[in-house]
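2 protein chains.
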Amino acid sequence: MTGTNRVKLKPGDTIGILGGGQLGRMLAMAAARLGLRCQVFSPDPDSPAFDVVLNATCAEYADVEALELFAGDVDVITYEFENVPSAAAMVLDARRPVLPNRKILETTQDRLAEKDFVTRLGIGTAAYADVTSVASLREAILRIGLPAVLKTRRFGYDGKGQAIIRDGDDIAKVWTSLGTKSAILEAFVPFEREISVIAARAADGQVECFDVTENEHRDHILKISRAPAPIPDDLAEEALRIAGQIATALDYVGVLAVEMFVLANGTGPKVLVNEIAPRVHNSGHWTLDGASVSQFEQHIRAIAGWPLGKPVRHGEVTMTNLIGDEITRYEEWLTVPGATVHIYGKGTPKPGRKMGHVTEVIRPNGK
Amino acid sequence: MTGTNRVKLKPGDTIGILGGGQLGRMLAMAAARLGLRCQVFSPDPDSPAFDVVLNATCAEYADVEALELFAGDVDVITYEFENVPSAAAMVLDARRPVLPNRKILETTQDRLAEKDFVTRLGIGTAAYADVTSVASLREAILRIGLPAVLKTRRFGYDGKGQAIIRDGDDIAKVWTSLGTKSAILEAFVPFEREISVIAARAADGQVECFDVTENEHRDHILKISRAPAPIPDDLAEEALRIAGQIATALDYVGVLAVEMFVLANGTGPKVLVNEIAPRVHNSGHWTLDGASVSQFEQHIRAIAGWPLGKPVRHGEVTMTNLIGDEITRYEEWLTVPGATVHIYGKGTPKPGRKMGHVTEVIRPNGK
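Same order as they appear, the protein sequences are chains A and B.
Every letter in the first sequence is one number past the one before it in the numbering used here, and letter 318, counting from 1, is 318.
Every letter in the second sequence is one number past the one before it in the numbering used here, and letter 246, counting from 1, is 246.
Don't take every hint at face value.
Chain copies aren't distinguished; within one or between two, either way the pair holds.
Said to hold, decoys possible - Subject to a maximum C-alpha distance of 25 Å in a straight line, what follows is the list of computed PhoX-like cross-link-like pairs (lysine-lysine):
(1) K350 with K270
(2) K223 with K310
(3) K8 with K103
(4) K310 with K103
(5) K350 with K103
(6) K10 with K350
(7) K270 with K223
(8) K8 with K350
(9) K160 with K181
(10) K160 with K350
(11) K350 with K223
(12) K160 with K223
(13) K223 with K181
(14) K181 with K103
(15) K310 with K160
(16) K8 with K173
It should be emphasised that the hints constitute simulated quantities derived from the structure, not laboratory data.
With these hints in hand, go ahead and build the complete structure from the sequences.
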């Protein structure tokens with residue numbers, strides 16, 4: 001039994017959350033429902049998560065003293081984003097259990113390490129190659145073909161830090177514009193649809209997955225999720241199996257999301273892993289209103305050392321992100337029968353910024 | 001258009017909540033989901049609602065300076081309990097809109113005024129009489145008969161401040177033990193079941209009721225609520241109509257609960273009003289997980305000047321209160337498939353204290 005396996009909170013104990021965005025906010029609200037307190041650490045004084053906790057720490061992730069004080073205030077520490085600086089994670093980990101384990105971040109912060117990890121598990125991914133120079137990019141293109149996607153190995157999100165390369169593109173120019181020496185080239189996958197699985201794993205190895213979700217992106221940003229995904233049962237089982245296998249192989253404690261592609265016709269694998277997010281995930285927001293236990297609550301239960309829930313879905317669920325100016329139309333959503341509206345308290349809308357979301361549950365048998 | 005009708009909050013605005021118990025806590029969490037901030041005012045430093053808001057005011061309700069500062073911090077004020085001291089309400093009302101209107105408290109804080117109000121609307125109640133002395137108690141008994149229930153006019157809850165009088169009881173002794181000169185005698189109603197309606201009313205007059213709930217009490221404390229109540233449609237419609245009529249007659253803004261008795265066979269009215277609670281109510285807790293919009297959110301929307309939601313129920317819902325030591329068994333509830341567990345963060349359990357609740361949703365068509 002490791003140290004982290006021994007975490008066992010009781011109501012009234014305090015969870016430290018790194019990151020003050022909407023994910024941290026919804027984690028804190030899920031914890032509150034279970035009688036657990038949260039303290040949020042974020043460098044941004046306008047952090048939406050600050051609004052829902054009594055104690056907040058506004059400091060930089062490089063501020064060792066602030067990190068130490070924060071650790072002293074809490075019983076266990078978790079995070080809402082995968083790009084936690086490893087130095088900060090080390091400082092915290094020396095003082096309090098950090099869950100999921102910070103070593104997992106080393107795998108999931110790096111697209112190459114992540115792909116290698118998935119491949120070693122015998123799980124399919126798009127063909128990929130390590131790229132460190134324009135020369136190695138040309139080699140990779142020869143092997144993988146075009147079109148292909150060039151991505152920074154680290155710190156990409158919502159389509160940032162990536163470029164599609166097509167026949168005839170100026171390879172040297174694309175390479176320069178990415179502005180890194182550490183990239184990965186991925187084959188362009190002719191997918192039929194994008195899906196994800198939100199899996200929760202407890203310290204004792206129990207795994208509970210939510211139903212497979214179908215995701216629609218616009219401009220590289222998630223726009224709509226639907227659960228259950230309209231895919232055949234065997235594909236859904238395969239996707240759930242993959243997510244469970246990954247969570248177990250990482251000895252993961254908490255919630256993770258595995259984004260996958262479903263391929264159209266073909267003879268190879270039908271499901272390819274695209275990305276692992278070691279945290280609660282936008283494609284799991286439907287669970288807040290569409291299931292008896294949400295992804296946020298499962299994460300809190302796992303890191304608290306509590307048993308995972310057995311979520312029951314309330315019907316066919318659709319989650320729509322309110323992005324940028326779309327939030328200004330919240331009043332229209334408020335009156336849609338059966339709709340549940342979430343506004344993240346983020347202040348001024350900016351293009352591409354996730355400002356809120358709406359969940360709609362449709363009972364297959366009518367009302 | 002009155003002053004209170006002009007309240008129109010925008011995301012980021014702040015709601016002041018008087019009272020820091022579980023109702024205030026759940027109101028604050030509902031507001032947070034809509035991007036609204038809350039500040040809680042409570043004299044109890046251990047108030048559970050303090051945990052879920054960034055700003056809390058810990059002061060006595062008689063502390064005029066604290067009330068004024070609090071009012072200055074918020075955009076609208078509401079309360080989680082009906083026994084708000086009228087002096088405090090006046091101080092606040094002079095500075096910010098207080099919703100529901102404080103004049104409503106004058107009716108609902110007094111069982112006699114409340115019964116008179118309901119009767120004037122032509123709605124049935126148990127027979128009742130004003131009692132101010134042992135002599136008037138004897139007169140009232142002659143008129144109403146026994147058994148009957150003697151209640152203080154003010155500040156009773158969960159069976160406190162009341163006594164059943166049966167044939168042969170020592171009337172003078174019962175009167176003395178109640179310790180008041182301001183009481184009401186109510187006929188004992190041979191009810192078949194207890195129900196309640198949670199009604200929300202917006203400033204523009206829109207009324208939205210949740211489905212009628214059946215309530216089971218143990219030791220005068222709500223133990224289980226079930227929605228929808230298993231009663232004939234015409235009775236349910238009558239109950240909903242009564243709740244709407246009361247909300248409208250009070251020019252109410254916010255959520256109120258109307259507790260009613262359903263009578264067994266007889267020729268008179270089949271539904272009698274027992275009590276009005278000018279606030280969110282324990283019998284509406286099922287709406288948090290059993291409907292697309294909860295009673296807490298409806299209340300917040302109403303006092304924010306936002307349109308009410310059109311709640312859709314997710315199935316047949318049961319809410320079970322966790323009272324006193326029952327909270328210690330929360331881990332058993334955590335693993336019940338489909339159950340949603342709420343722990344109020346109240347610290348040490350005391351007998352009769354509401355510590356949490358569990359919601360279970362059953363889809364009539366199976367899973």
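Tell me, in ascending order, the numbers of any earlier hints that this structure violates. 1, 4, 5, 13, 15 and 16
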